[in-house]
Each structure stands twice: as structure tokens, then as C-alpha cells.
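Chemist: Chain order of the listed sequences is Z, W, H and F. 1 is the number of the first residue of the first sequence in the working numbering; add one for each residue after it. 1 is the number of the first residue of the second sequence in the working numbering; add one for each residue after it. 1 is the number of the first residue of the third sequence in the working numbering; add one for each residue after it. 1 is the number of the first residue of the fourth sequence in the working numbering; add one for each residue after it.
Worth flagging that the hints you see were computed from the coordinates, not collected in a lab. Quick caveat, the model's predicted, so the values are computed rather than measured. Incorrect hints may have been included.
It does not matter which identical chain is meant; a pair holds if it fits inside one copy or across any two.
[As the list claims (entries may be wrong)] Below, in silico cross-link-like pairs of lysine-lysine (DSSO-like), each with a Cα-Cα straight-line distance of 27 Å or less:
{"hint": "1", "residue 1": "Lys280", "residue 2": "Lys152"}
{"hint": "2", "residue 1": "Lys111", "residue 2": "Lys280"}
{"hint": "3", "residue 1": "Lys276", "residue 2": "Lys152"}
{"hint": "4", "residue 1": "Lys173", "residue 2": "Lys152"}
{"hint": "5", "residue 1": "Lys173", "residue 2": "Lys276"}
{"hint": "6", "residue 1": "Lys173", "residue 2": "Lys280"}
{"hint": "7", "residue 1": "Lys276", "residue 2": "Lys111"}
{"hint": "8", "residue 1": "Lys111", "residue 2": "Lys173"}
Protein chains: 4
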Amino acid sequence: MLDETAKGVFTIACTPFLPDGALDLESVDSMVDFYVEKGATGLTILGIMGEAGKLSSEESHAVVKRVIARTDLPVIVGVSSPGFAAMQALASSSMDAGAAGVMIAPPHTLKTDQQIVGYYHNVAEALGDTPGVLQDFPLVTDVVVPVSVILKIVEDCPTCVMLKHEDWPGLEKISALRAASDAGARRISILCGNGGQFLLEEMLRGADGAMTGFAYPEMMADVVAAMEVGDEVWARDIFDAYLPLVRYEAQPGIGMAIRKHTLANRGAIAHPTVRKPGPKLSEAAIREVAALVERQEQRLAELRT
Amino acid sequence: MLDETAKGVFTIACTPFLPDGALDLESVDSMVDFYVEKGATGLTILGIMGEAGKLSSEESHAVVKRVIARTDLPVIVGVSSPGFAAMQALASSSMDAGAAGVMIAPPHTLKTDQQIVGYYHNVAEALGDTPGVLQDFPLVTDVVVPVSVILKIVEDCPTCVMLKHEDWPGLEKISALRAASDAGARRISILCGNGGQFLLEEMLRGADGAMTGFAYPEMMADVVAAMEVGDEVWARDIFDAYLPLVRYEAQPGIGMAIRKHTLANRGAIAHPTVRKPGPKLSEAAIREVAALVERQEQRLAELRT
Amino acid sequence: MLDETAKGVFTIACTPFLPDGALDLESVDSMVDFYVEKGATGLTILGIMGEAGKLSSEESHAVVKRVIARTDLPVIVGVSSPGFAAMQALASSSMDAGAAGVMIAPPHTLKTDQQIVGYYHNVAEALGDTPGVLQDFPLVTDVVVPVSVILKIVEDCPTCVMLKHEDWPGLEKISALRAASDAGARRISILCGNGGQFLLEEMLRGADGAMTGFAYPEMMADVVAAMEVGDEVWARDIFDAYLPLVRYEAQPGIGMAIRKHTLANRGAIAHPTVRKPGPKLSEAAIREVAALVERQEQRLAELRT
Amino acid sequence: MLDETAKGVFTIACTPFLPDGALDLESVDSMVDFYVEKGATGLTILGIMGEAGKLSSEESHAVVKRVIARTDLPVIVGVSSPGFAAMQALASSSMDAGAAGVMIAPPHTLKTDQQIVGYYHNVAEALGDTPGVLQDFPLVTDVVVPVSVILKIVEDCPTCVMLKHEDWPGLEKISALRAASDAGARRISILCGNGGQFLLEEMLRGADGAMTGFAYPEMMADVVAAMEVGDEVWARDIFDAYLPLVRYEAQPGIGMAIRKHTLANRGAIAHPTVRKPGPKLSEAAIREVAALVERQEQRLAELRT
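Model the full structure from these sequences, guided by the hints.
Modeler: Written out as C-alpha cells, the structure is:
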């Protein structure tokens, strides 16, 4: 079961599809193996970048079972939903299948501090003792969650054990949360998303690791490992080497297609298919990715000699 | 099966709950009977005011089956969903159960004309030959659908047979759509929502009736009937008599609680419960509704003498 | 100078233009006379419905001076602005010209409780001892201001003496603010907008009057007067008689054109011109207004016999 | 006068303030000199990152005059405004003072393709023969401008000579616009913003240069120059060296404070003051910038040996 001590790299898994848009469960296996091999310490599935909203409830459950059957790593399941009945159904079947916890983003209709707190009260009530991750991703949810609101949720809801941090800008938020836990608030795990674009500084501010799906999970694993042993220079060298592609993959909307393209190229999944409605990469974009990958490999080779 | 000739009053049905939040299927029966008795010519279920987003997929299906089993009126099922897999699953099980058609609102992420058209192309592809209703409700969806976009969808998607019109302001939109069909575009049915606040003028502009859930469906039935026989004065008399309560019930958010309170008072459903998260009426609000209903009855009595 | 005891009807004044879009200062005079004659106890100028955003700073100042020169009623000037420098400039020149206070809506970029409070701290600092009105109009500003935030602003900023209340739904907000002042918070004036659509219930909840620009200011004056002497039945009779037109004029966007059309018809201003970019009334809309006005006059005549 | 052939680097200038928030006109001079020395081929002032909204109209005019007096480079003035009267006033005084053109972002209230086109028709009418730049920055304006809309504006409004491109993702948009001009549409200048984060790929797609304010304008100058002579490897080397800081400065909101901090450190302006309401850098952020600058200098030194 997920708890406040979680750290390392929870990879945001994609959901693989066949060229006709059907679920590709065999690629789920190869993808899980790939993430494990590249250094993941946990997996997060059915998140926004996992195209969760495009799955039927049967498909969601099939993905959960397949992933959990393939690995011993802790698995967090995204259960964000317009209503609590569907959230509860997926959370409960996922925990029964062996998930470590669930992740919930706030619905875009929340407007005030009190509405956000009230929403997570309801979540906690609906989910019972299931450990939960608060996903803070204003760029997509359009809900700005102030530090005071996070602290209130942490105080009121003991099952909230982790923040998926992807506010932008969000570095001061990490510092403020860590100052609050230093001053006595319950300390929860903070894993950072945003495609890894600020992982370096996030670790310096007190994050416990990454939760993101950049198609080279070894970047996150290496940066987090280097920071843990205090080798900031190496962490920066690695980070900077991957940054041009990190940046390119972080483009909203089309980023998912870029990521799947790279994962397919690396053999993690069989097809780069994004389910409809979704973007497709142009030839120009495919060339741009290839050029970035080539330079990235050169730079990594230079660094490792 | 629903087609372009649909008219009259399709009542937006609420979803009845027991005080503990569980589905109240017995009240589904009494509610359907009530709507039929008050003059509905069709029913629309699982819409926004039907708290569709709060139901699990099993619950949604149970409501669909129960409603259809209770009436011979055509039933339209709201199948709006973040993804096409879930939309397809509910649409297909609903049509199998005997629904007349489905209704789809655009997701709030659509931003441009082309994105909206593309979305409804995908809807049409996903739903095959199921007749569909385009729900145009910018106040809630935050998607503004121009007349040109509606006409393009009507042109491209033969299964789009009805517009649920609740843009605000939207009177010119009705006029423009009717001018377009007079000039040769396919004429689809236009039924109007917005709690009935503009029903009078909407009929004058060429609407075919109402699709809304005001707790006195006889208002919509009487106004539409009077307009059909050309008795505008009586239509206005009736409309004006109900307007103070129409206006009160049209308050966003809390409107659903007001409506269910009235429906429970009228015996249509057993409990006024709104499922969490949802508003509850204050004592002051309950008094305000009572005062409005009392004056409404007086005014109607005056008119009928 | 405006203070917490303000009550009655502060009419939201329009800004009259000539057919070519130039300021029509002569109509400013006739409009002020009209509002006074119809029962206004104050005027609010350069609000959202005063097309304030479309004026140059020179034009804004010219309107302020002209209005204040024409009447002894207290005049509130809308000074909302993207920045404090422009806000300060207009506030200061308005107060020098004899204004009673200023009104400020929150900019749409504010997202959290703390940001809203911080913004009004900055406003208070920028405006010194100028009395201020907090405009709470989420439908237009997209900023939801919780009761706790209003109370914090009232506590921190002694120059905030009035709430222009047009949240929707907002009746519970009035009750909560009045409960807070009954329990010891500073009591500020609450005048209500939203085109007058809820004036009846707003008065019952504890509002001090109206601040809105419905083209028949005598409606607000009569309703407020009736409520003050405790004649709720008469207040409701009057309110209901005007409600069909109130509702029609409250349509967003086009409402301003409807209002100016009526004001021009009533002789308050010379031309119904809305400055570009702005809507124009169709022939159908003009007929609809005429029909509503005719019935309104009949109903008022009935009531007064 | 600005025309469709403009290219190179138009630096987005900041607006310098004294520690008390007053305009720092002496720093305007040193800043202009700095931009010129670092390779700017033009300047863009009073943009979003120029804190334009926080200036009074007098201050805006003072900045325009001071900048133009200091340099012979073409100067573009941001004149975005809630209304055309204020836009026209600033545009006209700027052109009289010697500006090369003006830039206009769409107001956040525009929702449909037709509304955007209509808005720029009105802009063109208001500005007469003043050359204009269409600023396409959805992350801030919340207005998504499709390629078809840009092409319609280009077709209808001959004074629209440049696109400030900062859609995100926006690479396909550049390709589509260039394909359209290859096929016969009028070819306008495309200069790219977004802090320079995609400058490399933007140039590959057919952009004519950069219009952004990254605190090391020499990055943009060097990348654009290298691309112009076809040295893509050098362009990438330079780009990658600056990218960690580019990314850090591109954080919304706080980015302006980071940029001014760096500009002050480099001697371009005397004080890093951001006018209220605005962010302030924490000590941690200042350390992060210092670390990034140090590595950047090392990397540049490596590349240049």
C-alpha cells in the first residue's frame, strides 16, 4: 500500500492501442517490462497521459489487471471521474486487483478554496481507507490549488499520502510544503510531473522524485539517483542532455503522440497509435524527434566517456 | 426512432435518489407517470440536470431500462462522455433497450469551429446510425457553437436530427437556422432548454417545442399547444404566470435542488435528494419557493376564470 | 461621500453615443434627468453596461464630469482597469470632480481566495481613502468570490463600504453576509444587480436596494419602496408585471442593445447606438420588445385600477 | 514602417521601474542600448511582458517616446486594449512618435472563428494604414486562433504584416501558414515568442526570426544568424547551451521577475523591480538562476574553444 514515504520514479504509463484503436494488451506487458528495466520504482496508470478518459469502464479495468499482473512494483491508478459512483467503482476494483493506491485530479468546475477542500473531503469519504494521490495540474484542470488548501486536505484526510506536483510555476509550492512539514504538518510524498522539465530544481526544493512519462525514464531515474547521492553536477549533466527532447515532448496535446512515437521506436510498445480523438505526428515532427534523439545520444556518449 | 419531425415537449427528467444517495427506481416510475400526465411528448434522461455524471455505468443503464419500460413515449438518453468508448457503450445499450435517440454535449476542451465539427464527425462515426441530438449549452459547456458550425454538422452528419437549443442569448440563432433551412439546408428539430425562460420567443422564432425540466411541465405543454393553434395571448398569459418560478428554478447549481424539491412536493418523486456533491436548499429558499408557488396558483386561477 | 448606509436605487447608467459612435454628451444630461425622475437615489457610471472599456481615458473623464455636473445625487464611478496606475488616475480625477465613490470588479486572472484578497489590498492601497464598491459579478468576471473572502476584505479594508451583488445564484450569499454582520462583522451596504431579476428575494434576504440599469428604473424604485414599508404583496405585483421584460433585457451581450433601445424609445437618450464592437437589434427582437412593453403597460394599468 | 519582410530578432522589451514602482526612464536608455548591442534588429515594447497593463496612458506614451528617441531600430508598440478608443489613441501617438507598427492580441472574450475575424476587421478599421502585428498567444489570451482564421485576416486586412507566433504547440501552424503562402496567400512575417523555447524548430518550419525577451538576446541573434547561413549544428549547440535558462525563465507569472533579475544583473536595467501586483523572486530562485547562468557560461566557453 502506498504511503507518505514513497519516492523515486513512478512512471506515468501510456495506454497502448492497436492501429485500429483497440486496446493492445500485449504491449501493456512489454511496456511494463520496459519501464521496470529503465529504472521505474512504481507505475501510475490511467492518468491524463494514459488517455484514461477515452476508455470504457471495462477497458479501464482490463488495463489495471494486466499491469498489476505483470509487475511487483506499486501501481497507482488514476480514478478521476465526473462523479463519485464511477470513481468508487474503479478504485474499488483496482484495489481488489492489487493496486497500491489511486490518484484524483480536481474537476474543472471547482472555483474556490472551500470547494476544493470540500471536494477532497467527499473523495476521502467515497474511497474509505484507500491511499490517495492529489494531482495538482492547473494547466490541464484549470483548478489552482493553493498551498493552504493542500495543507488543509493533508490535515483533514489521512489517506492523502502523496502530491503529484505539476503546477507551473510550482517550485515555491514545494518549498512552502516542505517548510510546513518541517514546522509540524504531516509530511507527504511529493513526486513531480510536467514531463520532467523542472526535475532538477524540484529535487533541490525537496521533492521525493518524479512521476512523469517522458519516453526516456532513465533520465528521471538517473537524475533522482544522482541527487540522492548528492552529485548535483552529474544530475545537471544528465538533465541537460535530455532537456531538448523533454521540452519537445512537453508540448500540450501533441506531446502524447510524440511520447508514443518514441516509445514505439524504442520497442516499449508495438504501435504509436493515439486513440481518437487525438493528434497524429507530421513528417516534419518525426524528423524533429529523430534529430533530437540523435543529438541526445551523442551528448550522453560524450558525458559517459 | 427520433427524427427531424420531433416536436412538443421532451421533459428533461431528473434522476431520483433515496435519502442515502442510492438510486430510487420506484420514483423513476412515478416520475415518468407524472411527466406523461402533465403533457410530455417525449423524455430526455441522463442529461446534465439528470445528474448523469454522478452515476456509475451500471446505474446509468438501470435508469435507462426502467424509464423505457415505463412509457411508450420516445426516450432520448444523454450519452456525453469524456471518451467515445464510454459514449458508445451507453448509446448502444440504450438503443438496444428501446431508446429513440441519444444526446451529446461538446466537451469543454473544444476551442475552435473546426474542433467542434471534427468532434461531431467522430461522434457520428462512433454512433453509427443512432439518431443524435446536439446539445448547445455554452453556459455549462463553455463551448460556443456558431450557426455555421451547426449547419456544417447538419450537412455532414445525417444522423444529427435535433438541436437542443440553450444558448443564451440564442433567439437569433433559431432565426438563422430557420432561415438556412428555408433556403435549402436540411431542417432539423429545435427543442429549447434553459428552464423554459425564453420559450415564448423561441416558439415565435421557429422552435418546435421545449426540452427542459421545469417542475411544472404543464407550462411547456400549454405554451407549446397555444402557440401551435396561434393563440399567442393565451401562451403569454400562461408563460407569464409561471415566469417568477421559472426564473427562480433557473438559478445555476442550486436549480436542481429547487426542481427536485418541487417535484417531491408535487408527488412526482419520493425524495428531493440531490446526490453528492450537490446543493441543499436552505429554509429561506424553501419559503421563497412556497411563496412563488402560492402566487402562481392564484394567478393561474385568475386566468382560468 | 459614499458610506455603509447607502440604500435605495443606484441606477447603472449607460453611456450614450451618437449614431457615428462619438460620445453624446447632451444625452448624458437627458439620461441623468430621466433616472432622477424615475426614482434613482444614486447613479453608477462607467460600469460594464456603461461600455466603460470602450472609452478612451479622456472620454471617461468627460462623462464623469458631465454626469456629476447635472445632478446632486451621489455618483459612483467604475474604475476597474487592468492596472493600478490607470485605476488610480481615473479614481482620483473622479473624486476631484465630486464623485461619491468608485467601483472595482476583480480581473479575470484571479484564481484563489488569497489572490482576490491580495488584489483588494492593493486596490485599497492605490485608492487611499476613496470609498469603494466591490463588484461581485462572476458571470462576467469569471472570478468567484466566496463569502469568507468578502468578509476578509471588509475586515481589512475600511474603505470598502458596499457590495454590488450580482453573483448568480447569490441569495444565500446575502443571507450569509447579513448573518455575519449580525454577529459582529462590519455591516456594509448591499445593492443588487443582475438586471433586477432577483430583486424581490434579494430584499427579503437583507439587501439595501438595487444597483442595476433595467430600462424602467421605476420598477426598482417601486419594489424597494414597497419592501421598505413592508408591502410585500404590492412589491411582488409590481415585480411580476415587469419580469417578462426584465428577463428579456437580461440576455448577456445583446442586453445592452435592448436596454438602449428602450431608453431611446422612452426619450432618455437620443440614439440607441452601442459602440463597436457591440450587438445590434434585429427586427424580430425589436418586435419582441414592443410586445413585452405593451403587455407590461396593460398589466401595470390593471394593477393600478 | 514595418512590412512583411521583417525578420531577425525583435526583442520584447521590459519596462524598467525604480524600487518604488515609478517608471525608470534612464534604464529605458540603458536597456535599449543593451538590446542593440546584443543583436536586436527591432524592439517590441508595451507587450504583456512589458507590463503594459500596469501603466497609465501617460506612462505608456512616455515609454514609447523614450525608446524611439534612443534607437534607429524599428519599434513595435503593443496597443492591445479592452476598447478601440484607447487602442487608437496609443497607436496614433506612437506612430506620430516614429513607431514602425503596432501589435494587438485578441481579448479573452472572443470565442468563435467569426468573432476573431470580426475583431481584427474592427482593429484594421480603427488603425487605418498603421502596420499591425497579430499576437497569437493562447496560453495568456485564452483565444485559440486557427490557421484558417489567420489566413482570413491576412486576406482581408492588408495592414496585417506580421504574426507574433506563440501558440503552444505551434510548429504545425507555421508549416501550414508557409504552405498557404507557397500556394499563393500573401506571405507575412512570422516572428516567434514563447521565450525562445522552440526557436530552433520554428526556424526550420519557416519562421523569419524571434520576437521574445529572453534575457540573453544574443541567443536568439546567434541561432537566427546560424540558421540563416545554414549552420544547423551550431544553431543547435547554441540553443542547447541556453535552453536550461530559457526553460527556467519561461515559467508563467514569475518569468517576468526572473528576466528582470537577470537583466539587472547584466547591467541592462538598474533595478529588477516588477510593478505591483507582481511576483518577487525568493532566495532559492535567485540561487537557481545563478547556478544556471554559471553552467551556461561554462558550456558556451566549451563550445567556443
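Chemist: Against the structure shown, which of the earlier numbered hints fail to hold, in ascending order?
Modeler: none
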